[in-house]
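J.: Next come the chains, spelled out residue by residue.
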Amino acid sequence: MKKLTSILIVLAMFLVQWATAQQAAAPVDRPAEPNMVFDDDGGKVQIVPSDFSVAGPKTFHGGPVLGAVRQVSIFLGAGWADQQARQRQTGLLNAATNNANPHLAELQKHNIKMLRSAPLFEDFSDLSKSRINDLTIQQKLSDLLQSKAIPAPEAGTVYVVFLAPGIDSTLGGNKAGTDYVAYHNFVNLEAGEIHYVVVPFHPDAQQHTAAATRAFAETALNPNGRGWF
Amino acid sequence: MMQHLRRSCLLLAVTLLVVPSALFAQCGVERWSVKTGTDPDAGLVNLNSSTSTTIASMRAIPAPSPIPANNRVAPTETTVWVINATLTEFKLENDSDYHLVITDASGNTMITEIPSPTCVGSGSPFFSAIQNSRSKFDAQFTATTSFQTANIPVQIVGVGMFDFLHGQTGVAPNGIELHPVLDIIFNPGTQTPDFVLSTSPGSGSVAQGSSATSKISTTVAGGFNSAISLSVSGLPSGVTASLSPTSIAAPGNGSSTLTFNASSTAATGNFNVTVTATGGSITHTATIALAITAAGGTGGGTTTQLLGNPGFENGSTNPAPWTASAGVINNSASEPPHGGTWDAWLDGYGTTHTDTLMQQVTIPSTATSATLSFWLHIDTAETTTTSAFDTLAVQVRNSSGTVLSTLKTFSNLNKNTGFAQQSFDLTSFKGQTIQINFVGTEDASLQTSFVLDDFALNVTTPSTTDTTPPTTSVSAPANGATVSGTVTVNASASDNVGVTQMQLLIDGTLVASNTNSTSLSFSWSTASVANGSHTIVSKAFDAAGNVGTSATITVTVSNGTPTTSELIVNGGFENGTNTSPWTLTAGVINNSTSEPAHTGSWDAWLDGTGTSHTDTAMQQVTIPAGATAATLSFWLHVDTAETSTTSAFDKLTVQVRDSSGKVLSTLATFSNLDHATGYKQHTFDLTSFRGQIIQIFFSGVEDFELQTSFVLDDVSLQVTQ
Chain A
793 MKKLTSILIV
803 LAMFLVQWAT
813 AQQAAAPVDR
823 PAEPNMVFDD
833 DGGKVQIVPS
843 DFSVAGPKTF
853 HGGPVLGAVR
863 QVSIFLGAGW
873 ADQQARQRQT
883 GLLNAATNNA
893 NPHLAELQKH
903 NIKMLRSAPL
913 FEDFSDLSKS
923 RINDLTIQQK
933 LSDLLQSKAI
943 PAPEAGTVYV
953 VFLAPGIDST
963 LGGNKAGTDY
973 VAYHNFVNLE
983 AGEIHYVVVP
993 FHPDAQQHTA
1003 AATRAFAETA
1013 LNPNGRGWF
Chain B
64 MMQHLRRSCL
74 LLAVTLLVVP
84 SALFAQCGVE
94 RWSVKTGTDP
104 DAGLVNLNSS
114 TSTTIASMRA
124 IPAPSPIPAN
134 NRVAPTETTV
144 WVINATLTEF
154 KLENDSDYHL
164 VITDASGNTM
174 ITEIPSPTCV
184 GSGSPFFSAI
194 QNSRSKFDAQ
204 FTATTSFQTA
214 NIPVQIVGVG
224 MFDFLHGQTG
234 VAPNGIELHP
244 VLDIIFNPGT
254 QTPDFVLSTS
264 PGSGSVAQGS
274 SATSKISTTV
284 AGGFNSAISL
294 SVSGLPSGVT
304 ASLSPTSIAA
314 PGNGSSTLTF
324 NASSTAATGN
334 FNVTVTATGG
344 SITHTATIAL
354 AITAAGGTGG
364 GTTTQLLGNP
374 GFENGSTNPA
384 PWTASAGVIN
394 NSASEPPHGG
404 TWDAWLDGYG
414 TTHTDTLMQQ
424 VTIPSTATSA
434 TLSFWLHIDT
444 AETTTTSAFD
454 TLAVQVRNSS
464 GTVLSTLKTF
474 SNLNKNTGFA
484 QQSFDLTSFK
494 GQTIQINFVG
504 TEDASLQTSF
514 VLDDFALNVT
524 TPSTTDTTPP
534 TTSVSAPANG
544 ATVSGTVTVN
554 ASASDNVGVT
564 QMQLLIDGTL
574 VASNTNSTSL
584 SFSWSTASVA
594 NGSHTIVSKA
604 FDAAGNVGTS
614 ATITVTVSNG
624 TPTTSELIVN
634 GGFENGTNTS
644 PWTLTAGVIN
654 NSTSEPAHTG
664 SWDAWLDGTG
674 TSHTDTAMQQ
684 VTIPAGATAA
694 TLSFWLHVDT
704 AETSTTSAFD
714 KLTVQVRDSS
724 GKVLSTLATF
734 SNLDHATGYK
744 QHTFDLTSFR
754 GQIIQIFFSG
764 VEDFELQTSF
774 VLDDVSLQVT
784 Q
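Sequences listed follow chains A and B, in order. Using the numbering used here, the first residue of the first sequence is number 793, and each one after it goes up by one. Using the numbering used here, the first residue of the second sequence is number 64, and each one after it goes up by one.
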């Protein structure tokens, strides 16, 4: 009997794990458009899905496209203080102007000017206790702009928030890693309309850079959800 | 053994059956103050009248451009609108709003939103209405994080708000919403015309010789349309009440201020005062619990709050007199406080972890009551409805740390939306020095956060007609001292019952104060006053209203005549190619006629290459700690070949960096858009960097085409001390 009880406990633990995994994978409301999800206050957001090896053809939906883009990189979280993680930064800093950017030609096709990246900003706050959802990102950007820690937005400014290893990113019930590897959104603050990209840490450096590059390009092509996607 | 087996099976079943719920809640960001009524224009919203409209009419209002972040667009956003429509979809958003989509007979939709009261500042004039409409919605539906459909007639009362278009479900083309919703009536056609009477606060106390107010509000429903008259009865002897206004105009939505005035001889004790509202042949009453207390006391005794830093507002660097484990004192938006900015966040890691929080107090032996209260919010990722995996123990310990009593143990099973106030009777510990102790224990998985805020330990001691004023003295600076620069002023106080407030006055002007403390410090910048004689006095107050005043300390302020000095060397670059102490990139120092200097012969010419290029100019200086002013200025000329009037392609950034090059502040960014004939002077206040070694750093960044030249001259950093 004791053995049977032990087996049941192990089975229960397995099922807890399984149920948790199912919970994480539970379907959430999604807009009809491909690679779009609802964010934390009900708006639509374009994500870079976990499997983004193939990008489908884009169609134009009548909305604005950015005329020029400048990357302002924000490295958020104490994990970026780690030397090994920091080695990633160089590759991430120039998602816009990197000649290896596979989206460069598409951006040039639409006459989107690629401007030199702004100096990086680092915030090594200990966020190990926090889940980072999109509202947290918006509040953080608001705080950084109010304190003038990062440059004020200009036409074409895209803030790219690179999350440190160990930070869990969520977006309207979707989870980083499972549902997306990056996304872009916009918010209107006192400083004006802010376009931003959020790039959770990816264990694979190449995938990490590729996710950032794609989300950055999609920001230029589809800044307000009605451009090219 | 069988019991153990059954328990395992139960665990199995519960695990599989429980529906996961939202793991945590948060408040929004975009136009949040307007959405919740904490914006500076909230007072412009006329809550005493409403305007009936339709979805089609609201959708036809032109959207403003730009939409202000924290202000209202009149009249749409200062009007309370009433719309009859059909509720077709609803969802709980992650910003805690209920997102309601309403539809008219033609299929036009718009969004109406009910914020969570926990995300609405208590100063919002909409707070109680939001709370009420949220409760009414909860009584009808259970909103979840997925859209649910409905088909029910509703009458929605709310304030207009233009949202930004983000592709929201049901959004009107112009972004107009009713946000926040102030009232929602389901099946309005079937409701009897009526109104709701409410009071806020519904209880209070007034000391003899004092006054207090309560807000009386009426909200109509079901088509009620009549003036409502208000009256008050059941007043104790010696207490009068006045209502302003005495009636609410038709249709009956509005509020009135009820003021109680207690005479110095008013009867003391607890009384129930009745507020009566009559209109349209309907009468409703509400009761206000009114305590009349003796002057200088409370309810026949003196009540003193014993805990220091009760709302943790001293921040994480100065939690005393609390002792907290690392990371507990919190001001992150992830777990917002009940009040103020800070709270105590125990656990929330989702790993095996223990957090503690403790404060030691002494409860007077004469206490007739001692009540500990605090606000507690619990959220959890645990899904069980039966097992307390993560716990928070509320303990009373003696001064050695031995547990005398565990008042209560909370757990993940007690999770709640928002904060709930908890209260415990500690009268039995009178005469003892005790530790109020919290132990939050989390198991190996699935976080539970215990968030504590706004403590009070109210101790009542018998009223002995305390006529003894506190004593207080200024211990520094010494009487007759000559002072200069910044001086620390220290004062202390004591009282036979307790000091409730301390004040410091310099030349009769209040400069610092605190509460429930027997010491007060103030850092006095004597440069702010004229040289000569000045007086310092401290005052201490007790709960009975007695005031003690210190002996007057007279000091002589003797600050030297302010001197101004120049910190930048070679600010006009007139040393030519001997550029020291500037650090310049190649080619920056210039005396060509292409870019003539502002004065003299030389200047610093950054960029102008028309290719991808960066030039920098830097000089390191030390701003003295005693500086009272530090002003950076320079003359800048910008010319460019760029033709854009909207895009800043080439930029000059002016920064303050520390001695290792880390950016401390970006003072300004100029660009090709700033091009102009001749020079323009720019000035920046650097006083906040006093006491630091800083680099004045200019960085000109040019893109790959069309030159922009940034020409600097006559750079100056003048310091006054």
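Since the hints were derived computationally from the structure, they do not count as laboratory data. Think of the CB as a built atom: it goes at the ideal place given N, C-alpha and C, for glycine as much as any other residue. Careful, some of the hints might be misleading.
To be verified - Quick look at which bits of chain B chain A covers, simulated, 3 or more residues with Cβ under 8 Å:
(1) 204 to 213
(2) 221 to 235
(3) 707 to 719
J.: Each hint should be assessed against the structure and marked as holding or not.
T.: Okay, the hints, checked on the actual structure:
Figure legend: the segment 204 to 213 of chain B, annotated as covered by chain A; annotation consistent (3 residues with Cβ-Cβ distances under 8 Å, at least 3 required). Look at the segment 221 to 235 of chain B against chain A: 6 of its residues bring a Cβ nearer than 8 Å to a Cβ of that chain, three or more, so the hint holds. Coverage of a stretch by a chain is defined here by at least three residues with a beta carbon nearer than 8 Å to that chain's beta carbons; for the segment 707 to 719 of chain B and chain A the count is 5, and the condition holds.
In this structure, every one of the numbered hints holds.
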